[in-house]
Amino acid sequence: MESTFPTVSQHFHVKAVPGEERSEEYPKLLPECTWLVGFGSTECSGRVEVQHNGVWGTVCDDYWDLNDAKVVCRQLSCGAALQAPGSAYFGQGSGTIWLDDVACSGGENSLTQCGYSGYGTHNCNHGEDAGVICSESLVKPSISMDPAGEVSWGQDLRVTCSTAAELLGETFILLKNSDSFRQTKFSSSRTTTFTISKVNFDHDGSYRCQYEKTVSGQTFTSSFSDSLTISVTVKFSKPTLSVSPADASWGQEVCFTCSIPTQIFGGTFILMNTESSSKKTQTSSRNYTNFIISKADIDHEGSYQCQYQKRGPHRNFISPVSNSVRLSVNVSLQMPNISLTSPGVEVIQGPGEVEITRGHSFTFTCSITSTFTQGRFFLVFPEYNMTNSTPAVNSSASFSFPIAEFEHQGNYSCVYQVTLSNFTVTSAESAPITVVVRLSLQMPNISLTSPGVEVIQGPGEVEITRGHSFTFTCSITSTFTQGRFFLVFPEYNMTTNTPGVNSSASFSFPMVEFKHQGNYSCVYQVILSARTFTSAESARINVVVKVSCLLSSYATGQIRLAGSGSTRCSGRVEVQHNGVWGTVCHDSWDLNDAKVVCRQLSCGTALHAAKSALFGQGSGTIWLDDVACLGIESSLTECDHRGYGTHNCNHGEDASVICSESLVKPSISMDPAGEVSWGRELRITCSTAAELLGETFLLQKISDSFRQIQVSATRAATFTISKVNFDHDGSYQCHYEKTASGQTFTSPLSDPLNITVTVNFLKPRLSVSPAVFSWGEEVVFTCSIQTQALGGTFILTKTGSSFMKTQRSSQNSANFLISKADTDHDGSYQCQYQMKGAHQNFTSPFSNSVTVSVNVSSLVPKISLSSHGAELFWGPGEVEITRGHSFIVTCSINSKSLQGRFFLKFSSYIMTTNTPAVNNSASFTFPVAEFEHQGDLSCVYEVTLSGRTVTSAESAPITVVVKQSLLPMISAVSGGILLLLLFIVFLACLVHRRRKHKDPVVLFQTQRFTRENCGNCDHQYENLPEQPFPSKLTNKADKEKGNDYGDEENLYEEFSPPYAMECVSAKSERQEEGKEKDNTETSDDKNYCNNVTLRVQ
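Under UniProt numbering, think of the first position of the sequence shown as 1, with each following residue one higher.
Don't read these hints as lab results, they were simulated from the structure.
Just so you know, not all the hints are guaranteed correct.
Stated by the list, open to error - Here are the computed lysine to aspartate or glutamate pairs in the EDC-like style, where the Cα-Cα straight-line distance is at most 16 Å:
1. K176 <-> D202
2. K546 <-> E513
3. K701 <-> D727
4. K238 <-> E212
5. K862 <-> D936
6. K820 <-> D751
7. K665 <-> E737
8. K140 <-> E212
9. K905 <-> E942
10. K862 <-> E777
11. K310 <-> D202
12. K546 <-> E461
13. K798 <-> D826
14. K140 <-> E43
15. K611 <-> D671
16. K905 <-> E954
17. K963 <-> E932
18. K295 <-> E253
19. K140 <-> D226
20. K723 <-> E681
21. K820 <-> E778
22. K665 <-> E513
23. K611 <-> D590
24. K176 <-> D204
25. K963 <-> E942
26. K798 <-> D822
27. K862 <-> E737
28. K295 <-> D247
29. K185 <-> E212
30. K611 <-> D587
31. K836 <-> D727
32. K198 <-> D247
33. K198 <-> E150
34. K176 <-> D226
35. K280 <-> E301
36. K279 <-> D299
37. K515 <-> E463
38. K665 <-> D751
39. K805 <-> D824
Start from the sequences, fold in the hints, and give me the full structure.
This is the structure we're talking about:
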């Protein structure tokens, strides 16, 4: 098989014995030369090849061991032998295999000095080529990491150390440069990987690696790899913030819990109130922490967020801001108690209902158990839209009503209100007491009149002959005369009513029937203030119906109408023959036969010729059959028939008639009885005692055009109103019609039936958005109710004030808009829903209470500072002011409230001063800046709005730094220089006087020139002459520093501005001329520049 390894010409490393030469293609070595080649070979590791007779060949690995490798490594000056790999470890060679069975002792100088089988003698192939690895092959390893770049906290990190040396059994070492971190790992290959399972900030830093090889008890160590930097980073998730309780009571403990899904513990949690500068921090060894507010106050109200922060070796890592949670602090006032007293009534404690007689007095007492005793009580009476308030005395207050009227009916409750820390706190409403004002109506009287019967006053019993008429009269003695009387007849489930006239009313019965037997009584009812009052029932009169000798029939001559439900003009036809009454068979019975009967009985027109014993079966004889009248006969016996007693019938075939005069007044009733709730189904039944078929019933409303028609095949018809509303409220009557022979007959109208529609509303729901809002912000209250009674009015009221808004809506909700919120709008709100009925208003209970709070803390003033010679400076920032100068601090704000005050807070001096605002600003003047004025200055704005003091947040600060003025120093230095110059002039004069006879030269001579020759006289500054002053001519400050001004450069550096020489001319050698700017000018100064004159800047 051909070798897949690179050829020698491609990969080989040769280390020759000194003095040996190599050919151009191969190294020129001595005949016993050895080199190392092969895949992955280095100078000191590779496949061993030797040269014999100018030909290179390999060595077989039979008996190849570390002693053999020692000789090769020594021969190549590659240090100690580390390994003696065989099996073509560095790839298979090619060509000759020179040596086999090499057996060195390890002390030889070259491989050919060892024992072997002889050149070219072997039993091997190139798959058995021998190699060596010497200690000098321990090259610098390489280091890498996976993943590359920054490593996230908690991630698995793999650091790989590898070497190009073909070693087996190396020990790799990973070290951290900055601390004692060290890991070792044995590897049978050229590389190993160190795994850090969960990286944290302790692993952040710089790392190196090396490897070791131990041979014959001696350890060989490679050089260090290049440094590898591991940078640990972390990306925090958004933390979660919760608060318990979110609605806290004043003084209650509140716990904020900030938690974050992370395993990176030991960081710092930060809790922030986003509506103020309040901030709390807390370090935790867990992934959450609790922030405790031991006693909640109004100042703690606001919106909160939290963050988590962890400090790394080189930077801080911080999470996003958490969700916002809102803390509301409520003063937990106990619900007050309510009680009622009235003459003749026991003390009533709410909740409950109490009846009070109209005209009596009653008093409510509100009381509370509370430590806040300086409040006020409010008596709430929503039905009358009334709220009265009274200051609390000994934690109670009383509300008196001297005379009870119907308008006082309704629910009463107490509310307690107290102001704490300029914050108004309102209790919940007490349990209600329902006041019902009763009217004491006298029991009415009842009497009965009937032909042949004396007037009967109840109670009592009276007999009335069937077919006769009778009348009941109800009367009462009362000042309330606008009521109605009801005649109650329970045996017939009948109640009929009539308006009272002169305090009485009559109920007439034209014809007595057996159904009229029973007990009758009167009831009086009156409506006052939309409430119905009903008297007790009167004494009863018992009516007993007796029959005449005609039994149960209506007869004229030899014919009568009888049977169940018969009337004078409707019933079963019976005729008398030979003094015996008998029936008529319905064979051939028709309307012509009925016409004769109705005419004979003077009952008008025949409406119906009934068959099959419609009014019940008769008994005894059947006199007539197959009657055939023309309709013009005067009596039934004039018509054709089969003869008296001749028939083929039974009483199930008895004939009957219904005449037009039998259209009696129908009765009307409703189901359900009494008041009907809005939206319910109502059934009104109109019925008649007449045995008619095919009648048309009509229902009509008395007050408007409402009219319904229904055809019925029975004696009754039911009219259904599927969903009752207030339009259906009113009084109804019905009648029926019968058409016969093309003519329509109409019954009288029934008695009126009153339908009263009522509605019971559920408690509405009130919400507000936003619940906490800023001054001037738009606020929307939404009142909603579950009802189908739409088109009513929503009412929004504020507890404890006269505030009320109303709004009609065609839906089941309404929005109340406050376009610009003010502190007057602070407080507790409720709403109601009201629907106007036909005779009264229906109002829902009060909704839940919602409390709104106007936040004005968002006002933040601005601060600016002005000083002489400095530009106007706006905060925040730092400004330098020269000591002794004046400066002014101006506070301003963009606010609609112009009547406030500004406070200037000076932290370093613990000073707070205030000034009324003028045009939304105020100025604070500091005439002389001193060092004590250094520090942070900030502005606060305070304004009283609707009796409530509101304070803004502090403005951004301006830091004032007071610097020392240079004028005193300038004055001192100027004085020293003048004295120095005078001393120099004095010395010059002495020298001049001594040398006057020898040398006329003057040391310092005043030269005069014009201003033109002086050049830039007013602006140019030059040093004094180069020749030095005597060293003793130094100022005091320099002596203290130890300087003797040995050279002129150092000397005159001290005279640079603000002290400088002015107008030095070069016209006279090394002489100076100037003018003293701050001194009074002399006459010579007008046109000339003079020497040794100083200008103080």
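Distance restraint between K140 and D226, which requires alpha-carbon spacing of 16 Å or less: holds, 8 Å
Hint consistency between K820 and E778 [alpha-carbon to alpha-carbon, up to 16 Å]: The given pair, whose Cα atoms are some 5 Å apart, holds under the 16 Å limit.
Pairwise hint evaluation, E461 against K546, where the allowed Cα distance is 16 Å at most: Holds, at roughly 13 Å.
Sort out whether E777 lies within 16 Å of K862, counting only the CA atoms. violated, 22 Å
With a cut-off of 16 Å on the C-alpha distance, tell me whether K862 and D936 pass. The given pair, whose Cα atoms are some 14 Å apart, holds under the 16 Å limit.
Straight-line Cα separation of K611 and D590 no greater than 16 Å? Roughly 9 Å between the alpha carbons, so the hint for K611 and D590 holds.
K176 paired with D204 [C-alpha distance capped at 16 Å]: The given pair, whose Cα atoms are some 9 Å apart, holds under the 16 Å limit.
Does D671 lie within 16 Å of K611 when you go C-alpha to C-alpha? violated, 33 Å
Below or equal to 16 Å on CA atoms is what counts here, so check K515 against E463. At roughly 14 Å apart (the allowed maximum being 16 Å), E463 and K515 satisfy the hint.
Quick one, are K295 and D247 close enough, alpha carbons at most 16 Å? The hint holds at about 13 Å.
Pair hint K798 and D826, alpha-carbon separation not exceeding 16 Å: holds, 9 Å
16 Å limit on alpha-carbon distance, applied to hinted pair K723 and E681: Holds, at roughly 5 Å.
Checked against the numbered hints given earlier, this structure breaks hints 4, 6, 10, 15, 25, 27, 32; the rest are met.
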